[in-house]
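The listed protein sequences correspond, in order, to chains C and Y. With the first letter of the first sequence counted as 1, position 504 gets the number 503 in numbering that gives the first Met the number 0; the numbers rise by one all the way through. With the first letter of the second sequence counted as 1, position 1 gets the number 0 in numbering that gives the first Met the number 0; the numbers rise by one all the way through.
Just so you know, the hints here were simulated from the structure itself, not pulled from any lab data. Be aware that one or more of the hints could be misleading.
[Stated by the list, open to error] Here are some, though not all, of the chain C residues that point toward chain Y, as calculated from beta-carbon distances under 7 angstroms:
1. 163
2. 321
3. 343
4. 347
Predicted model, so just to flag it, every value in this text is computed and none were measured. Even glycine gets a Cβ: it sits at the ideal position worked out from N, Cα and C.
Single-letter residue listing:
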Amino acid sequence: MRLTSPAFLCFVFVTLIAYRAVPAKKQWWVLLAASVIFYLSFSVGGIFVMIGTALLVYFAGLGVQKQKDSYAVWLKENKDTADKETKKETKSVFQKKQKQIVAGTVAVTIGILFLCKYYGAFASGVNSLLNTNIWTAENILLPLGISYYSLQLLGYLVDVHRDIAPAEKNPLKVILYGGFFLSIMQGPFNRWNDLMPQLCAKERKKLSFAENRSAVLKIVGGYVKKLCIADQFAIISNEVFTNYTKYKGVGVVLGIVCFAVQLYADFSGYMDIIVGIGQLFGITMPENFRQPFFSRNMSEFWQRWHITLGLWLKDYVFYPILKSSLFKKLGKVIAGKIGKEASRRIPTYLGMLILWTVIGLWHGAGMHYVFGVGILQFLYIFLGEIFEPLFVRIKKSLRINENKLYWHVFQSLRCTALMMFAWVFFNASSVRVALQILKNMLRRPLLRHLLAVFSDRTVDGPARTLIYFALCIALLIVVDLLHEKGFSVREYVCKKPYPVRLAFYLILAFAIIIFGAYGRQFILKDFIYMDF
Amino acid sequence: MSREEIYERLNDVFRDVFGEDDITVTDETTAADVDGWDSLRHISLLAAVEDEFDIEFSMGQTVKMKNVGEMVDFIEEEA
Numbered sequence: 000m001r002l003t004s005p006a007f008l009c010f011v012f013v014t015l016i017a018y019r020a021v022p023a024k025k026q027w028w029v030l031l032a033a034s035v036i037f038y039l040s041f042s043v044g045g046i047f048v049m050i051g052t053a054l055l056v057y058f059a060g061l062g063v064q065k066q067k068d069s070y071a072v073w074l075k076e077n078k079d080t081a082d083k084e085t086k087k088e089t090k091s092v093f094q095k096k097q098k099q100i101v102a103g104t105v106a107v108t109i110g111i112l113f114l115c116k117y118y119g120a121f122a123s124g125v126n127s128l129l130n131t132n133i134w135t136a137e138n139i140l141l142p143l144g145i146s147y148y149s150l151q152l153l154g155y156l157v158d159v160h161r162d163i164a165p166a167e168k169n170p171l172k173v174i175l176y177g178g179f180f181l182s183i184m185q186g187p188f189n190r191w192n193d194l195m196p197q198l199c200a201k202e203r204k205k206l207s208f209a210e211n212r213s214a215v216l217k218i219v220g221g222y223v224k225k226l227c228i229a230d231q232f233a234i235i236s237n238e239v240f241t242n243y244t245k246y247k248g249v250g251v252v253l254g255i256v257c258f259a260v261q262l263y264a265d266f267s268g269y270m271d272i273i274v275g276i277g278q279l280f281g282i283t284m285p286e287n288f289r290q291p292f293f294s295r296n297m298s299e300f301w302q303r304w305h306i307t308l309g310l311w312l313k314d315y316v317f318y319p320i321l322k323s324s325l326f327k328k329l330g331k332v333i334a335g336k337i338g339k340e341a342s343r344r345i346p347t348y349l350g351m352l353i354l355w356t357v358i359g360l361w362h363g364a365g366m367h368y369v370f371g372v373g374i375l376q377f378l379y380i381f382l383g384e385i386f387e388p389l390f391v392r393i394k395k396s397l398r399i400n401e402n403k404l405y406w407h408v409f410q411s412l413r414c415t416a417l418m419m420f421a422w423v424f425f426n427a428s429s430v431r432v433a434l435q436i437l438k439n440m441l442r443r444p445l446l447r448h449l450l451a452v453f454s455d456r457t458v459d460g461p462a463r464t465l466i467y468f469a470l471c472i473a474l475l476i477v478v479d480l481l482h483e484k485g486f487s488v489r490e491y492v493c494k495k496p497y498p499v500r501l502a503f504y505l506i507l508a509f510a511i512i513i514f515g516a517y518g519r520q521f522i523l524k525d526f527i528y529m530d531f
Numbered sequence: 000m001s002r003e004e005i006y007e008r009l010n011d012v013f014r015d016v017f018g019e020d021d022i023t024v025t026d027e028t029t030a031a032d033v034d035g036w037d038s039l040r041h042i043s044l045l046a047a048v049e050d051e052f053d054i055e056f057s058m059g060q061t062v063k064m065k066n067v068g069e070m071v072d073f074i075e076e077e078a
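I would like the entire structure built from these sequences, with the hints used as guidance.
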C-alpha cells in the first residue's frame, strides 16, 4: 500500500472514522488493527519477524523490571540495617543482571537485523573475496521497516533499564509501539514516553476545525513535495545515476543537484504526510527536518536533517560508547601522556568515528553507504573541529564578519555542496560508480549531454523543464526561509477567510494534477528511505 | 556540601571544559546557553564533573538531565 496510492488514502480515512467512533480507551485497538493490516499489505512473512522482535523486547522489559522490583524489595527490607557500601554492591548485582538481559536482547535483535538486511551483501562480499560461489543468500526475507522498528524497540528496552520508561505489561502495546503504521516505513524514531501516552490515551483528544484543516494542509503539502517535486527531479537524477557513462560535465552536476532536491523533497514530503496524518489522529510526532540547507556547518546540518535518527544514535550509541569503562580508561591514559584537552578530544573523535560508521551501515551494507553517509561525514566534522583555529585566523585576516548575510549564505552553500558530494556515493550503486560519476563531472561539459538528459527522459522540452525545476527550488528555499524566520505558511493560510483558503487548496490540488508524477508515463516510485 | 560550594566548583569545571573564563552557571542554565556545549562536549563535561566531585552519572541521568539545576541536585545527593 503505497503512501501515494488512493488505497492508502482510503485506508487512512476508514481508520480515522473507526478511531473517532470508538471510545477513547479502545482507540489503541483501532491503531493496532490498522498497523497489522498496513503491514500485511506489504509483507505477510515480515510481520512474524516484527511481532517476534516486539515480543522478545516485551519479555526482556519485564525481566529488567523484575530485577528492579527485586532490588526495591531488598532495599525496603534492609533499609535500616545495610550500610551504604552494601546497598551499592547489591544495587550493582541487580544492575548487572539487567545489563545481561539488555545485552542479550540487543544481540538477538541486531542479529536478526543483520541476517535480514546485511547477510546477502556479506555473503556476496565473501564470495567475491574468495572468488567462489559457495555462500548463497537468496530468498532472505527483508521485513518492512526492520531498521526502524528494531532500533525503536531497543530504545524502549534501554529506557526501561535507565528508569526513563516503565515496563509495559501488555504485549500488544509493545507490538503497537514497534509496528505503528505511521512510523514503521521510514520513521520518525519515536520515544516510548512521547508516543505511547498518546496512542493509549484514556481521554479523547478533541481537535478543533482549524487543527484538522492545518493537518490536511500539511498532508497535501507533503504530497506536492513528493509528486510534483521529488518524483519530477527523480527523472533526471535516476537517468544520470543509472546511465552514468553517458553524461559529463554540466549534465552530471545537474543530476547531482536533482538528486539532492529529490532526496529532500521525498523525505521531508513523507514526513509532512505522516506528521499531518498523525495530527488528524490527535497524535503529535517528532519532526525530522528543520531547514537543513541553512546550516552553518556540518554538525549543525545533522542536527537539522533526519533529526530523530541523530538523537536516537546519540542517546543509545554515542553516549554509551563514550561513557564505557574502555573509553574512560583511554581518556585517563591520554591525560597522563598527552594532556587534559587531548584526553577529552581523542576519545570523543574515536566515538564519533564508530557512530558515523554505524550510521553508514544503518543505511545499508554497501561501502558506498559506509563512506558517503558515514566516514565522509565523520571527516567533515572532525576536520572542521581540528582546523577550527586555522579557520578563525583566516577569517580574522580577511576581516570576515560572521554575522553578515553573505557569510551565512557562503556557509549554507558550502554545507550543501559537501552534502551533494557525499550523496553521490549514497545514490551510486557502488564506490567505483560514484568515483566514475565524479570523474565524468570534471570532463569537458558538452551541451548536448545536458539537453540529452531532458529530451530522453522528460515529457516537456529542456527549457520548460529547467524553468519548472528552478521554480521548484525557489519555492523550497522561500518556504524554508519563512520557516527559518518563524513564519508558518500553513498557519498563515489557515487563519485566512474561506475564499482565500479555497483558492490555496485549489492551487495545491491543481499543482498535483498538472505537475504530479503519476499516470502511465511515470513509473511509480516508493519513498527513498523505505529501502532502509 | 552546600549548593553555593557546588556552584563555585562547578563554575571552574565549566570554565576549564569550555575554555571561557567568564562562564557562570545557574539552576536554569541549559546547553543552549553555553557556547560549545553540544553532544560532543556533553560527555567531556560530565566526565570532568564526575572527577571533580567523585561521583558517577548513570546513563539515565546523562540523557535525562535538562539543566544545570538537575546536575547540582544530583551532586548534592551523591557527593
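Hint check: 7 angstroms Cβ-Cβ cutoff, residue 347/C to chain Y: 5 angstroms, holds
Quick one, is the residue 321/C hint okay against chain Y at 7 angstroms, beta carbons? 4 angstroms, holds
For the hint on residue 163/C, just tell me whether its beta-carbon gets within less than 7 angstroms of chain Y. OK, holds: residue 163/C within 7 angstroms of chain Y, min 6 angstroms.
Holds or violated: the hint that residue 343/C contacts chain Y, with Cβ atoms closer than 7 angstroms. With a minimum Cβ separation of about 4 angstroms from chain Y (threshold 7 angstroms), the hint on residue 343/C holds.
Of the numbered hints listed earlier, not one is contradicted by the structure.
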